[in-house]
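Start from the sequences, fold in the hints, and give me the full structure.
Protein sequences, first through last, are from chains A, B, C and D.
Numbering (our numbering) for the first sequence: 4 to 351.
Numbering (our numbering) for the second sequence: 4 to 351.
Numbering (our numbering) for the third sequence: 4 to 351.
Numbering (our numbering) for the fourth sequence: 4 to 351.
Where hints are given, some of them may not hold.
No distinction is drawn between identical chains; accordingly, a pair holds when it is met within one copy or between any pair of copies.
[Claimed, not checked] Derived DMTMM-like pairs: lysine to aspartate or glutamate, alpha-carbon spacing no greater than 20 Å straight-line:
1. Lys227 <-> Glu125
2. Lys312 <-> Glu29
3. Lys227 <-> Glu134
4. Lys284 <-> Asp257
None of these hints come from the bench; they were simulated from the model.
Protein chains: 4
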Amino acid sequence: MIRFECDYGEGAAAPVLEALCRTNLEQTPGYGEDFYCEQARDRIRALCDAPDAEVQFLVGATQANFTVIDAALKPWQGVLCPDSGHIHVHETGAVEATGHKCLTLPGHDGKITAAQVQAAVEAHWANPTHEHEVQPGMVYISNPTEWGTLYTKSELTELSRVCRACGIYLFVDGARMGYGLASQTNDLTLKDYAALCDAFYLGGTKCGALFGEALVLTHPALAKDFRYAIKQHGGMLAKGRLLGLQFLALLGGDGEAIPYLALTKKADAQAMRIRDAFAAKGCAMAYDSPTNQQFPILPDVWVQALEGKYSFSHMGAVEPGHTLVRFCTSWATRDEDVDALVADIAAL
Amino acid sequence: MIRFECDYGEGAAAPVLEALCRTNLEQTPGYGEDFYCEQARDRIRALCDAPDAEVQFLVGATQANFTVIDAALKPWQGVLCPDSGHIHVHETGAVEATGHKCLTLPGHDGKITAAQVQAAVEAHWANPTHEHEVQPGMVYISNPTEWGTLYTKSELTELSRVCRACGIYLFVDGARMGYGLASQTNDLTLKDYAALCDAFYLGGTKCGALFGEALVLTHPALAKDFRYAIKQHGGMLAKGRLLGLQFLALLGGDGEAIPYLALTKKADAQAMRIRDAFAAKGCAMAYDSPTNQQFPILPDVWVQALEGKYSFSHMGAVEPGHTLVRFCTSWATRDEDVDALVADIAAL
Amino acid sequence: MIRFECDYGEGAAAPVLEALCRTNLEQTPGYGEDFYCEQARDRIRALCDAPDAEVQFLVGATQANFTVIDAALKPWQGVLCPDSGHIHVHETGAVEATGHKCLTLPGHDGKITAAQVQAAVEAHWANPTHEHEVQPGMVYISNPTEWGTLYTKSELTELSRVCRACGIYLFVDGARMGYGLASQTNDLTLKDYAALCDAFYLGGTKCGALFGEALVLTHPALAKDFRYAIKQHGGMLAKGRLLGLQFLALLGGDGEAIPYLALTKKADAQAMRIRDAFAAKGCAMAYDSPTNQQFPILPDVWVQALEGKYSFSHMGAVEPGHTLVRFCTSWATRDEDVDALVADIAAL
Amino acid sequence: MIRFECDYGEGAAAPVLEALCRTNLEQTPGYGEDFYCEQARDRIRALCDAPDAEVQFLVGATQANFTVIDAALKPWQGVLCPDSGHIHVHETGAVEATGHKCLTLPGHDGKITAAQVQAAVEAHWANPTHEHEVQPGMVYISNPTEWGTLYTKSELTELSRVCRACGIYLFVDGARMGYGLASQTNDLTLKDYAALCDAFYLGGTKCGALFGEALVLTHPALAKDFRYAIKQHGGMLAKGRLLGLQFLALLGGDGEAIPYLALTKKADAQAMRIRDAFAAKGCAMAYDSPTNQQFPILPDVWVQALEGKYSFSHMGAVEPGHTLVRFCTSWATRDEDVDALVADIAAL
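Following this line, the structure appears as structure tokens:
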């Protein structure tokens, strides 16, 4: 079975594993207060051109999401998000478990617009009994989105402007940020994220690390005392250096040679090959994704033909006889596996 | 600086790291539903002689503690624990953040007795307005305790009997369980834990793994739907196999050759050497610990003399001129470092 | 200003106020453990033909809703409800503040169907990674609904059957239950509610009491230790007898002479007069409500004409030049005020 | 049975009941946004000489406590309180249910000192791993305390000074504030409370109202959006005017003629008569209370002799043959009942 079902099926990229092995028996303080974490923080601040940002490392994305949201909001505030938002549909109510409601907006290809946010916030305050409703306190989006699509710099800039005008936070889930940064259509840099968002993270788990997300808090109110939040929610890794080491390994080098970008660029290119192969067969794509997730709508017989040899995700029937599926590449995807898949698609 | 300040200062024991490297590019399903996790579960069930137990892997101990407690208790129930309990003093109120109160009992060398538990539960129900109080729903202890001491089989049996008679759960935090199982004075086996407790875990983080705790749920009511609890609290590692692999590596082999026991046995022996060195100098030990943590009370001048070369933990002044400190060995402690310390103690 | 904006604008019905004044200086135990509360519990159990039901009194409906939901659900469970559900839109995220997610289903005139519930529960369990989603644990509906509509006995029976088949609770918010029971189209009795639901309440606040909701818990698992939940959530009134006394006053007498039914029957009849007056003018009603809330869609000029003399609720523009409004009668509505309104409508 | 067991055994003082009856059929807006609540707010602000304070009304004291604490604290903050604090021992973990830990300090006659608070806060920040502990964010005390004792103006001033220096809130539970203000030894005024505290409330439930607590928020950060917190926690009474009306009735008039003070002054005087009666018999008082609660330590035979005719609270055995009991007077206590008790004590 060749797996295209997700981007967390393997271990870690070579530089990551090498770093862990090389330093294995060194002795360091725990809980992320070691030299490697400090170095990684400095590196991320430099890449973001955000010398005052707080950088903290968490083990996983669900943990990062609810820890940020819980730390940021007053008890009666909720978080605006697309109805496809990971926090709304795939995290077992982790945000609600911290007491906060997801306030969903209808997504367009997994994205929401600044106008939608502005309308929702204005509608709240226009309600004379607004204290009977959850108060919007933050916008949560992911980039790339759940459907692999990307916000443009213009869209993110406008979202940022509206959030600041409304006095609410903007938080970007970057679990797949590497695949976004490396995409051919992307026009957002880490510096843009740092300038436009109050909080965002560079996902490690899906982009070459064994595990780990590097959270950047640019808003001082979020940064203050944030380590308490991490500890309270079980996210403070005892051997915290493992997180710093991995991000140092992924973010070393220069420009396109930075492993985090080089690895994800290759995966995006592989995804484009898969997309093109389906397109050549006349398959519609449910979303126009320029990143590592592709969502073709396939005749059920093709699904059956492919799933003997490849694993991929079923997203549900879209019409009689056709199913929406997801193929996912990753930093670990091998060219020969893509070759095989492309050939098998062509032969359908 | 030679570090004796904690047991999580290094990476992982050799078999663990070898397993991670060997399997790095294999493709497996995520979230702990892979072959390695299944094997590790079977191995643990066999070691515990508990074929029906649910075994789940979590990343860290704080996470394991509050996830179990939150899943087990009704909203108005609290958890009885010693006043030195890790959940009460060192986890940033993680248990309270899930809505539950720590109901402390005065500890004796970090332990509480069955009689204390019985008295507390009876006092609750004897109160005619008991619904104005938090209802005891669970006993939480750690073994070894925060002070390195151990419950005997007789003590744990009695605690178990009282808990069952009172209709409350018994949960054992085993963050340092390896050091307990390997201690010369220990008379508890994994089978005993499985027979006597409703939930307990074998700590990996402090006993040779990079990270990870293996949770054993023997009570069916706790086992049901527990994976939702893990996911909701951010504890479901995407690359879950990393946890299964590590426990497989630590728990392989037979008898005393099982790395988990061999590594901790050596650390306990090293701790005994340190204890004897202090004893030979006439130092009192605050607690009579047969495990890897030692708590000597030292003249401040000795503290100053040692801390140029060694790192260890200050626990506070106990009388003018004397300080309680902690020296901690681990699976990674080198004999030459213990040799040096013992010699330096003798020379004080 | 004549107020038709809500059903909680006045104090209490005469028998309620009389009972409070008559007993004012009596001395009783607190917290609902007095003789009057016991009598009221017995009365409600008798009316419900549910001798084993637990009856508890709470101060208000929001409190009743989240206290029941929090007591009933495991931490990872959520509550299925119509998208117009009061818990979802008008309670400031009170349910989420206890850690539970509202799982909305599209409502039809404020109602959801057994088929929708069954489909949602089946879809959850059919998802191979269902532990990444919130597990449905309860159905919450209100009857009358937010739009004044009523579930029929057949609909509630079917909902009950599906909930039991799915192993989830059925909870009915009866904040306006009196107006439902007294409606001409109603075919549900208190005995039916007790037989079909796991929990429901008879609203007092909107049906003649100063405040208070009488909660009936027919499922033993919900009844157990429920008073802890009330106290923990701040709902245990010190002078609890005030609640028992009010329900005794409202539920005394026989058949249609029971004040709770007689008062609401009159209010429903007044609402029908208002509905007919609008219908005679050709106004569409947004919902076909047989109870005390009426939702006509009015030309904006008519809205302006009426609002100088009457207060009523604006629910939003439905099309250019037309607004959806709500007129609400109550146990306290005076016939002369309805006369005036009806005449003014006719004169529009 | 003559009841001295609590101060919430009767209904409401005459002016309160009269106001409720007089206004019963008036129509007002709901949720505390009516004219009576506005008047009551103004009256309280004037009495407190705090024109900018936010005043909100809640139904009961437990609700007031956890609503303020939850609104004030960050998720990782806890509340310092005496170990006898009502929030710690008599509220079913309501504070923990909102996610916050009670950080107890040993009380002296139910009081804690500024020095204790300062030491606790300093110890927290001195801990190099303070993010592993709950951060103190507020001091909660009650005045009168659980044992009827009173903080002096000097003590409260010092607590206030330390709290401000430490950057934490000071919150005073005034469930029995009337009995404190009216006590002969009291030197604190409402203006002092407003000047020294960030939040406090004037208890109505125990001081002449049917129910209700008037919360004064002097710190702007607490006042902002506080009505959301009330609604979310189920404390926003639909017929909110009932709260405003009651406080208007209790706080009308001038000086000692203000019912709130006149009623409680009489109750305090009655309590002094009971205290003196016990003292004349040589009974020790467990606490030196100048307010309406008295805590004599009685021989068990005396307890048995009195409890046939009087109800009072057993607080537990203090030594073989002696029991600590509580006698409580209230605004409703009749002089003839005190006469009888005093005579019966003298005859023991």
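Structure-based check of all given hints:
no. : hint              : result
1   : Lys227 <-> Glu125 : between (29 Å within a copy, 18 Å between copies)
2   : Lys312 <-> Glu29  : between (43 Å within a copy, 16 Å between copies)
3   : Lys227 <-> Glu134 : between (27 Å within a copy, 11 Å between copies)
4   : Lys284 <-> Asp257 : neither (39 Å within a copy, 56 Å between copies)
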